[in-house]
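Asker: Given chain H's structure and the hints, the job is docking chains D and X onto it.
Protein chains in written order, with the numbering used here: chain H, 1 to 198; chain D, 1 to 357; chain X, 1 to 551.
To be clear, the hints were calculated from the coordinates, so they are not data collected in a lab.
Everything numeric in this text was worked out from a predicted model, so none of it was measured.
Glycine included, each C-beta is placed from N, C-alpha and C at the ideal position.
Heads up, some of the hints might be wrong.
To spell it out: a stretch of chain D is covered by chain X in this simulated footprint if at least three of its residues, at any positions, have a beta carbon under 8 angstroms from a beta carbon of chain X; those stretches are [to be verified]:
hint	segment
1	60-74
2	107-117
3	128-135
4	181-194
5	208-222
6	330-341
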Amino acid sequence: MSDTTPHLTMQQSAPSATGLDSAKLGMWLFLATEVMLFSAMIAGFLDMRGRSPADAHHVLNIPVTAVNTFVLICSSLTVALSVAAIEQGDQKRLRNFLLLTLLFGGTFLSVQIYEYNVLIGSGELTPWNSLFGAGFFAVTGLHGFHVFIGLIWCVLTIIWTSQGKFSAQNFMRVEIFGLYWHFVDVVWIILFVLIYLV
Amino acid sequence: MSHPTNHRPAGSNVPVFDNTGKMAAIIIGVTAVVAGSVMGAANPFLSNATSSQGAQIDTLFSLFVGIATAIFIIVQGFLLFSIVRFARAPEDEEDGVPLRGNTKLEVFWTAVPALIVVILSVLSYRVLADIERPHPDQMVVEVTGRQYAWEFYYPDYDLKTAELHIPLGRQVLLKITSADVNHAFWVPQMRIKKDAVGGKITTVNITATAPGVYPIVCAELCGAGHAVMRSQVVVEAEPTFQIWVQAQLGAKQRAAAMPPDPKTLGRQLYNQYGCNACHKLADAAAVGVVGPALDGIGSRAADIVPGQSAEEYIRTAIIRPMDFITPNYPPVMPGDYAQRMSQADLEALVQYLLEQK
Amino acid sequence: MTADTVVGTGLVRHGGRKFSDYLIFNTDHKVIGIQYLVLAFVFFLFGGALAGLIRAQLATPDAQLLTGSSYNVTLTLHGTVMIFLWIIPAFVGAANYVVPLMIGANDMAFPRLNAVSFWLLVPGGLLMLVSFAVGGAESGWTAYPPLSVTTPIGQTLWALALQFIGFSSIFGAINFLVTIFNLRAPGMGLTQMPLLAWAVAATSIIILLGTPVLSGALLMLILQRWLGAQFFTPAGGGNPLLWQNLFWFYSHPAVYIMILPGFGIISEVLPIFARKPIFGYKLIAFSSMAIAVFGFLVWAHHMFTSGMDPFLRVPFMVTSMIIAVPTGVKIFSWLATIWAGKLRFTTSMMFGLAFISMFVIGGLSGIFLASVPIDIHVQDTYFVVAHLHYVLFGGSVMSIFAGLYLWFPKITGRMLDERLGRLHFWLTFMGFNLTFFPQHLAGLQGMPRRVYTYPPELWALNLLSSIGAFLMAIAVLPFLYNALRSLVAGKVAGPNPWRAFGLEWTVSSPPPVHNFPTPPVVEGDPYGYGERPLPGTTGVAAPAPGMAGGE
Numbered sequence: 001m002s003d004t005t006p007h008l009t010m011q012q013s014a015p016s017a018t019g020l021d022s023a024k025l026g027m028w029l030f031l032a033t034e035v036m037l038f039s040a041m042i043a044g045f046l047d048m049r050g051r052s053p054a055d056a057h058h059v060l061n062i063p064v065t066a067v068n069t070f071v072l073i074c075s076s077l078t079v080a081l082s083v084a085a086i087e088q089g090d091q092k093r094l095r096n097f098l099l100l101t102l103l104f105g106g107t108f109l110s111v112q113i114y115e116y117n118v119l120i121g122s123g124e125l126t127p128w129n130s131l132f133g134a135g136f137f138a139v140t141g142l143h144g145f146h147v148f149i150g151l152i153w154c155v156l157t158i159i160w161t162s163q164g165k166f167s168a169q170n171f172m173r174v175e176i177f178g179l180y181w182h183f184v185d186v187v188w189i190i191l192f193v194l195i196y197l198v
Numbered sequence: 001m002s003h004p005t006n007h008r009p010a011g012s013n014v015p016v017f018d019n020t021g022k023m024a025a026i027i028i029g030v031t032a033v034v035a036g037s038v039m040g041a042a043n044p045f046l047s048n049a050t051s052s053q054g055a056q057i058d059t060l061f062s063l064f065v066g067i068a069t070a071i072f073i074i075v076q077g078f079l080l081f082s083i084v085r086f087a088r089a090p091e092d093e094e095d096g097v098p099l100r101g102n103t104k105l106e107v108f109w110t111a112v113p114a115l116i117v118v119i120l121s122v123l124s125y126r127v128l129a130d131i132e133r134p135h136p137d138q139m140v141v142e143v144t145g146r147q148y149a150w151e152f153y154y155p156d157y158d159l160k161t162a163e164l165h166i167p168l169g170r171q172v173l174l175k176i177t178s179a180d181v182n183h184a185f186w187v188p189q190m191r192i193k194k195d196a197v198g199g200k201i202t203t204v205n206i207t208a209t210a211p212g213v214y215p216i217v218c219a220e221l222c223g224a225g226h227a228v229m230r231s232q233v234v235v236e237a238e239p240t241f242q243i244w245v246q247a248q249l250g251a252k253q254r255a256a257a258m259p260p261d262p263k264t265l266g267r268q269l270y271n272q273y274g275c276n277a278c279h280k281l282a283d284a285a286a287v288g289v290v291g292p293a294l295d296g297i298g299s300r301a302a303d304i305v306p307g308q309s310a311e312e313y314i315r316t317a318i319i320r321p322m323d324f325i326t327p328n329y330p331p332v333m334p335g336d337y338a339q340r341m342s343q344a345d346l347e348a349l350v351q352y353l354l355e356q357k
Numbered sequence: 001m002t003a004d005t006v007v008g009t010g011l012v013r014h015g016g017r018k019f020s021d022y023l024i025f026n027t028d029h030k031v032i033g034i035q036y037l038v039l040a041f042v043f044f045l046f047g048g049a050l051a052g053l054i055r056a057q058l059a060t061p062d063a064q065l066l067t068g069s070s071y072n073v074t075l076t077l078h079g080t081v082m083i084f085l086w087i088i089p090a091f092v093g094a095a096n097y098v099v100p101l102m103i104g105a106n107d108m109a110f111p112r113l114n115a116v117s118f119w120l121l122v123p124g125g126l127l128m129l130v131s132f133a134v135g136g137a138e139s140g141w142t143a144y145p146p147l148s149v150t151t152p153i154g155q156t157l158w159a160l161a162l163q164f165i166g167f168s169s170i171f172g173a174i175n176f177l178v179t180i181f182n183l184r185a186p187g188m189g190l191t192q193m194p195l196l197a198w199a200v201a202a203t204s205i206i207i208l209l210g211t212p213v214l215s216g217a218l219l220m221l222i223l224q225r226w227l228g229a230q231f232f233t234p235a236g237g238g239n240p241l242l243w244q245n246l247f248w249f250y251s252h253p254a255v256y257i258m259i260l261p262g263f264g265i266i267s268e269v270l271p272i273f274a275r276k277p278i279f280g281y282k283l284i285a286f287s288s289m290a291i292a293v294f295g296f297l298v299w300a301h302h303m304f305t306s307g308m309d310p311f312l313r314v315p316f317m318v319t320s321m322i323i324a325v326p327t328g329v330k331i332f333s334w335l336a337t338i339w340a341g342k343l344r345f346t347t348s349m350m351f352g353l354a355f356i357s358m359f360v361i362g363g364l365s366g367i368f369l370a371s372v373p374i375d376i377h378v379q380d381t382y383f384v385v386a387h388l389h390y391v392l393f394g395g396s397v398m399s400i401f402a403g404l405y406l407w408f409p410k411i412t413g414r415m416l417d418e419r420l421g422r423l424h425f426w427l428t429f430m431g432f433n434l435t436f437f438p439q440h441l442a443g444l445q446g447m448p449r450r451v452y453t454y455p456p457e458l459w460a461l462n463l464l465s466s467i468g469a470f471l472m473a474i475a476v477l478p479f480l481y482n483a484l485r486s487l488v489a490g491k492v493a494g495p496n497p498w499r500a501f502g503l504e505w506t507v508s509s510p511p512p513v514h515n516f517p518t519p520p521v522v523e524g525d526p527y528g529y530g531e532r533p534l535p536g537t538t539g540v541a542a543p544a545p546g547m548a549g550g551e
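With the rest of the complex left out, here is chain H (with noise of 0.2 angstroms):
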């Protein structure tokens, strides 16, 4: 290890003025900037569809996307599971319940691209075609990409994890994955409620 810094690094976090672990802060304080985030692009959705013609989203596919929200909620208790496996230590179920995380979120990656092309292929609704599509691609479209980027960081914890990189004493950055993950997941719950149900 000689050649990598020897200044503190996640796993050995610096003893702590507040109590609180630095990683995790940093990553509550991160997830405050992405409530933010979201919330100026709901803003944003919900001025737009105030001006959209009454239903414009009759043309959205409620039960499919239900299903999807379904799979997503799957993939939260998924990574809650990693977590609880690798704080017993246990390395083998933690990958695999991380393989089966990548399994649901790239079920509803996969199914929101395919909505995307039915939604622009068919011209029933594009992000230029009216305002609640604006919205409605601006805002699922955000989410989509907080998912992918979720996938890879999904993908680098199972690598650290076949590299033997956690123990029951040392999976602070599996934790802060599953905080983001939640995080997208919640933020899912919400649109899929302000947006297909409402």
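Answerer: Only chains D and X this time, still in chain H's reference frame:
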């Protein structure tokens, strides 16, 4: 000379607020009050407003000037006094008096400014409510801003003009909107300003109190011609205003009955559609510098784009300005003249420009 | 000395001992601080050159130096560069360098993220320059649609550049907050922190909650420009005011991002050179936080004339006025800090005192702007231009220079020349007032902002402004010469040339790579003047500045 310590024992009783300090505080305070009153009463920063709304804004402004002057003098006064009085003597390596706070003082300078801003807010609110109160006898004028000209429409008379005429002493309600980007309608002498936003009607009241001609200025960045997007408001006594209205209506009727001579019409269109804001043209008294000058365009137009006749070139340059941009000029001309102009207006303007030899 | 070695290989390193260490991905907060400061200063010169162009064009009523369009590009880039690539990164750089030292930390909480923050700024700055090269954004730094939708490609690059800069800011803010809350040396409670740390914490909270809203607005703008989504254009049914709301939700708090660190720096400079503790520590710290909170409740005062809901103007007027109170509290506390002190008029102190004097003017004109009826007249005029420059130059830039003169010896180990410093100060101070005071009057008399030509009756005021700007440009020369010469030939500073409290002054100048070879001892807040002996001096007067010798 030796300085055994650079700090004083805590609690040592050094006079922090001695007689000199007290005297200075009194002088600064008195100066602040006197100067604040004088500046507030004189308000040297603004000439008299020419609308009743403006006069009220000016009264409020004067009060703000007075209070700001007083605060300015207090802060700068204590600052300057401290700089002179508490400058370290050469060789003096000691520290100052370790004063960490004074609850009474801190409460004082939190509470007093809070009180001042609350009072200022209340007074501002009263002026705001006053200047926006509609008068039952209002005359309505619809104002449209577009790159880079103002257009005024009098619904009472079905009259459209390029400069604003309003009667003295009568409240006018301006309903402002924009045909393209944001603009802001500002009459500095009347202290009246409101943004022109597309898809939205904003309103502002004016009651003119002095006859005269006052510039109308665009105050919201609206593109390359923003600085030259100007017009004027003409304030005249009610009878004169009525005469003007009748004259405009008469001209309009004559124009409808008998087509004006092409040159007059051309000049009028050139200014009505805002060409004048960017393109210099002596014949139309236009001085814009954003785009190329159009003096003599009629004799040059045929040679500019190979394969286009002079007429084709001029028409294309109006309705599809991006097709050919004159070198060294920015590509900023609005591209919507085909929608904005009637076919007849377009042809009349093309013919007029062709005649510019 | 294992603790004082530069580590790392290739393009990733920690610590700065030779020039090339400063050109790469370096995780040492001190290197990153210098990287920020130098980059920001380069952009200051660039933005200043643009300002020079503006003032040259306006020196006469109808100069032909710039066209309407190129003038708009110039003012847009001037505003954007000065705000996002000079003031904000200069504060980030200064804080990056000194805050970890001040709180007794060996580095920032996330050193690699810190380097990432800096290196996100670089593509942001480059994109901004490229946007200039391809025609530039020309709708002002506020980029109001629909105008910003119709302008050429440069506007898109401008928006992308701001996205990069925004990410840089957000990651920086997270880093500062965690550093300040978690990495304080043992014994340093929140109320023993230097006030700069409080100010940076408050700033970081604003960045954290405000910047993402700008990111969202920029995302919508980009989608509109790329995909034709009609968010902001009335022709497609969209809402131009949506942009204004989102933009100012960030950009008004951003004004406090640009001034709170300045408040922090002044709260460090004044006690050192007045030889007195800061007056009203808790109220100053609290007022920073109050400004951070209230800063989010005032944004619509930029929209009083925009056709927003008429009734909502009133609460926004009240909040905008109230925010003057915590600001006033700070000014009075600083005046009380120098009262009965033993003032030393170093260049740093002169910039610090000038800050108080100038910022008050900007603060007072801000109260005018908060009042809706007055704002109706002065909104979007040169009165606003004068106001914002009194705040951002008279305030922020003065405080940046106060900080540079204070910490230059710490950063480089060498003293700056005080005579050149005084020259720099007086040229700046006079040039600044000559430039910006007349602009209040020009605005009141009818000059809107962002115009390349104006009626001849405003010529005298504009000429004064242009002469002032010329002085300000000259003022930079003694500073540049001073800084470069002092780097090699300045007097050796020693660890504590100002005989100041504060942990940063207990280590060598420049500090060792890992800051504190032995854990620092916190004896109280860094304002113990007249109360306790300086650490390490054991009751004996410290030698005069410059006599302390090297390490």
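Asker: Work down the list of hints and note, for each, if the structure agrees.
Answerer: We went through each hint and held it up to the structure:
Look at the segment 60-74 of chain D against chain X: 6 of its residues bring a Cβ nearer than 8 angstroms to a Cβ of that chain, three or more, so the hint holds. With a cut-off of 8 angstroms between beta carbons, the segment 107-117 of chain D has 5 residues touching chain X; three or more are needed, and the interface restraint holds. By the rule of at least three residues with a Cβ nearer than 8 angstroms to a Cβ of chain X, the coverage given for the segment 128-135 of chain D holds, with 3 such residues. Counting residues of the segment 181-194 of chain D whose beta carbon lies closer than 8 angstroms to any beta carbon of chain X gives 10, which meets the minimum of three for the stated coverage.
Proximity of the segment 208-222 of chain D to chain X, defined as three or more residues with a beta carbon under 8 angstroms from a beta carbon of that chain, is established by the 7 residues found. With a threshold of 8 angstroms between beta carbons, the proposed coverage of the segment 330-341 of chain D by chain X holds, since 3 of its residues qualify and at least three are required.
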